[in-house]
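**Q** Given next are the chains, with one letter for each unit.
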Amino acid sequence: MTDACYLDHNATTPLRDAAKQAMARAMEVTGNASSVHGFGRDQRKVIEDARQQVADLASVSPANVIFTSGGSEANNTVLKGIAASARVTSTIEHASVLDAVSNAVRVGVDRNGLVDLDVLHQTLEGLDAPALVSVMAANNETGVIQPVAEIAEIVRRHDGRLHVDAIQWAGKLPLFELTVLADAVTISAHKLGGPQGVGAIIVRDGVPFEPIVKGGGQERRRRAGTENAIGIAGFGAACEASASDQAHDASLATFRDKIEAELGDQAKIYGAEASRLNNTTCIGMPGVSAETQVMAFDLAGIAVSAGSACSSGKVEPSHVLLAMGVDHDEAAEAVRVSFGWSSTMLDAERFISAWQNLRSRTASEAA
Amino acid sequence: MCSARPIYLDYQATTPVDARVMEAMTPLFTEVFGNPHSTSHSYGWAARDAVEAARVQIAEMINADPREIIFTSGATESNNMAIKGVGRFFEGRKGHMIAPVTEHKCVLESLKYIEKLGYEITLLPVGVDGLLDPNAIKDGIRDDTALVSVMHVNNEIGVMQPLAEIGAICRERSVYLHTDAAQAAGKTPIDVRAMNIDLLSLSSHKMYGPMGVGVLYVRRKPRVRLEPLMDGGGQERTLRSGTLPAPLVVGMGKAAEIISNETEADHARIRDLRDRLMKGLEQRVPGTFVNGSLDHRISGNLNIGFEGIDSETLMETVQAQIALSSGSACTSAAVEPSYVLRALGLSDTDAHASVRMCVGRMTTSDEIDTTIAVLSAAIESIRETGETRPRARTA
Numbered sequence: 001m002t003d004a005c006y007l008d009h010n011a012t013t014p015l016r017d018a019a020k021q022a023m024a025r026a027m028e029v030t031g032n033a034s035s036v037h038g039f040g041r042d043q044r045k046v047i048e049d050a051r052q053q054v055a056d057l058a059s060v061s062p063a064n065v066i067f068t069s070g071g072s073e074a075n076n077t078v079l080k081g082i083a084a085s086a087r088v089t090s091t092i093e094h095a096s097v098l099d100a101v102s103n104a105v106r107v108g109v110d111r112n113g114l115v116d117l118d119v120l121h122q123t124l125e126g127l128d129a130p131a132l133v134s135v136m137a138a139n140n141e142t143g144v145i146q147p148v149a150e151i152a153e154i155v156r157r158h159d160g161r162l163h164v165d166a167i168q169w170a171g172k173l174p175l176f177e178l179t180v181l182a183d184a185v186t187i188s189a190h191k192l193g194g195p196q197g198v199g200a201i202i203v204r205d206g207v208p209f210e211p212i213v214k215g216g217g218q219e220r221r222r223r224a225g226t227e228n229a230i231g232i233a234g235f236g237a238a239c240e241a242s243a244s245d246q247a248h249d250a251s252l253a254t255f256r257d258k259i260e261a262e263l264g265d266q267a268k269i270y271g272a273e274a275s276r277l278n279n280t281t282c283i284g285m286p287g288v289s290a291e292t293q294v295m296a297f298d299l300a301g302i303a304v305s306a307g308s309a310c311s312s313g314k315v316e317p318s319h320v321l322l323a324m325g326v327d328h329d330e331a332a333e334a335v336r337v338s339f340g341w342s343s344t345m346l347d348a349e350r351f352i353s354a355w356q357n358l359r360s361r362t363a364s365e366a367a
Numbered sequence: 368m369c370s371a372r373p374i375y376l377d378y379q380a381t382t383p384v385d386a387r388v389m390e391a392m393t394p395l396f397t398e399v400f401g402n403p404h405s406t407s408h409s410y411g412w413a414a415r416d417a418v419e420a421a422r423v424q425i426a427e428m429i430n431a432d433p434r435e436i437i438f439t440s441g442a443t444e445s446n447n448m449a450i451k452g453v454g455r456f457f458e459g460r461k462g463h464m465i466a467p468v469t470e471h472k473c474v475l476e477s478l479k480y481i482e483k484l485g486y487e488i489t490l491l492p493v494g495v496d497g498l499l500d501p502n503a504i505k506d507g508i509r510d511d512t513a514l515v516s517v518m519h520v521n522n523e524i525g526v527m528q529p530l531a532e533i534g535a536i537c538r539e540r541s542v543y544l545h546t547d548a549a550q551a552a553g554k555t556p557i558d559v560r561a562m563n564i565d566l567l568s569l570s571s572h573k574m575y576g577p578m579g580v581g582v583l584y585v586r587r588k589p590r591v592r593l594e595p596l597m598d599g600g601g602q603e604r605t606l607r608s609g610t611l612p613a614p615l616v617v618g619m620g621k622a623a624e625i626i627s628n629e630t631e632a633d634h635a636r637i638r639d640l641r642d643r644l645m646k647g648l649e650q651r652v653p654g655t656f657v658n659g660s661l662d663h664r665i666s667g668n669l670n671i672g673f674e675g676i677d678s679e680t681l682m683e684t685v686q687a688q689i690a691l692s693s694g695s696a697c698t699s700a701a702v703e704p705s706y707v708l709r710a711l712g713l714s715d716t717d718a719h720a721s722v723r724m725c726v727g728r729m730t731t732s733d734e735i736d737t738t739i740a741v742l743s744a745a746i747e748s749i750r751e752t753g754e755t756r757p758r759a760r761t762a
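As you go down the protein sequences, you meet chains F and S in turn. Each step along the first sequence adds one to the number in the numbering used here, with nothing skipped, and position 17 is 17. Convert by adding 367 to the 1-based position in the second sequence; the result is the number in the numbering used here.
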């Protein structure tokens, strides 16, 4: 697969070397971190060192970091577990937020994918009691960044609690910008160069919640179950590595901009007028279904996706694009390109040429 | 295991990852790194194929259909999902669940949650041997009983409950049977069909696989209904959302395959070592007592008490040489005596005088001989000096 061009980093990003090394070291340690003998204490140290690394990325104290089995569990725990009389989210959230509670009020977005702040304000104004508001910092499909500071201010004025799904933000942009604003921030290891199977909730002091997994008293009674020690070690190392890799992240914008400039008017770029993650672009090819595109790209050795990985098996168009007012047919023609720590300009160039080939081929077939 | 390290006899807290498991996992961390739920490219397909192969390996270990295998983050999540999931699904329609008092904490905690939903919970006592009387289940089942949850193998005393008998009773009364089999996999054969099990929890890191992954088996015919614990992308047949950790899943699959291929000789080796440990201690140390049935017990477990000894003091004395525990790892930092041993009728003093040891795949006979020598010397010395330390929280 060395020759292949992987442009689906928002689905999962390869393990960073630092994570690999940390995991290899952790694999040498046997023991249950809750056991009081030496093996258990060694394992405890692996976990607590990693907790410090995650805390450093988030600029919080280690006591504020709760490890989970991943982003979906983290989001479910926050949405189901933080007591509030009402829950308010946006229409473009990840399924693990949208489906976690059935009775949430959903605030719409504008054509650029930005949460409508007036509607958010009015929604909170109309509630009798403080709500839990959940918004994603950066969208997984378009990369569009929400005005979290303004959202936080509106939530604060209404005495609500704020959850920020930072799964696509963490490792790319400074996490402290969110942890200073939110009561709970959720992140996932495998989106920032750590392994699958581990995530975290970064919770502010004094925010009570009911855990969804109960049992032994692990994670200060906030998440039961023997800790995924190897995964946690990799997560910690990936956090540290991503923090020192922000320069490379800035270069991803040049790859994205190159693609968008080269494709020009032939392509539709969704959310382009909003502030976006450097690594993500959501591109429509008029008249060509996303399914056709991803198959053609795969044959060319290029991995992209039609929307988020969890829903990419389904044929429905992206709920994110529909929420932005994109019509059904056009939404079904969009693919997501997402770069990561291992990407190079060559990847962008290969994508451009494959895209243009496919475009001219389908145009001539149609003619 | 390196000689500078203590001898590891805490295989019921966690097992080391088998070298063959590590080898199977390695490519998934690097070359085959895709999201197994990505359907649009070969990275995703390769990861998915690896996950599906692991699903088959695990299904074969317990005689299930691969479609009945739901991956989770571990047995704690599986147990939570089974009990809360069934409880929520039948909320308002059923109102009763049954379990023995010796269940793992996460089962008891989940039952407490269900109680808040309005269910009545019957916690059944066990005998002095730690075993549940199947007739107590028969008598306890009501028309509104939704679930019976019985752990296959106890995490502290290693006794095996008469699951097949309990399964037959539950099936006859059309009540779901869930079993926490975290301590059973690889220790005793599991056959979900023959035993009439509807829901079964497994933990990878108790069977020489990695931590952070487990399974909930959910029977398809007759179909078991339950609400998911986690919602989202709809993975695992919508029962468990979240990206599957493909490397860990593959590791657990390999661990299951190794177990399926184990022979009676492998089990006999462990049983011989455990018996050697038990007999050695009984010969060298006066005043020992074994907790729980010896006949209905996994081959590796020894839960043994030494009269007049405080287990905390003993563990501290030998900790440089032997890793053992006074009970379950999750609660081993607690100062309270084991509720499992109390349920067997042990006094606080006798419960505090007991330790759990478990022989495993990597244990050698030299390690057993060293353990006998170290423990008997330590006990003799503690008894001579009459040393009793104040019990204090150690972690």
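Do not take every clue at face value.
Capping the alpha-carbon separation at 30 Å, the derived lysine-lysine pairs in DSSO-like fashion look like this [what the hints assert, rightly or not]:
id, chain 1, residue 1, chain 2, residue 2
1, F, Lys45, S, Lys472
2, S, Lys461, S, Lys483
3, S, Lys505, F, Lys80
4, S, Lys472, S, Lys483
5, F, Lys80, S, Lys483
The set of hints was computed from the structure by calculation and includes no laboratory data.
**Q** Evaluate each hint against the coordinates.
**A** Here's how the hints hold up against the structure:
For a cut-off of 30 Å, the pair hint linking lysine 45 of chain F to lysine 472 of chain S stands: about 24 Å separates their Cα positions. Straight-line distance between C-alpha atoms of lysine 461 of chain S and lysine 483 of chain S comes to about 14 Å, which keeps the hinted pair within the 30 Å bound. Of the supplied pair hints, the one linking lysine 505 of chain S and lysine 80 of chain F is violated, its CA atoms being roughly 36 Å apart against a limit of 30 Å. Taken as a hint, the lysine 472 of chain S and lysine 483 of chain S pair is honoured in the structure, with Cα atoms around 17 Å apart against an allowance of 30 Å.
Under the criterion of a C-alpha separation no larger than 30 Å, the hint pairing lysine 80 of chain F with lysine 483 of chain S is consistent with the structure, at around 16 Å.
The structure fails to meet hint 3 from the earlier list, while all remaining hints are met.
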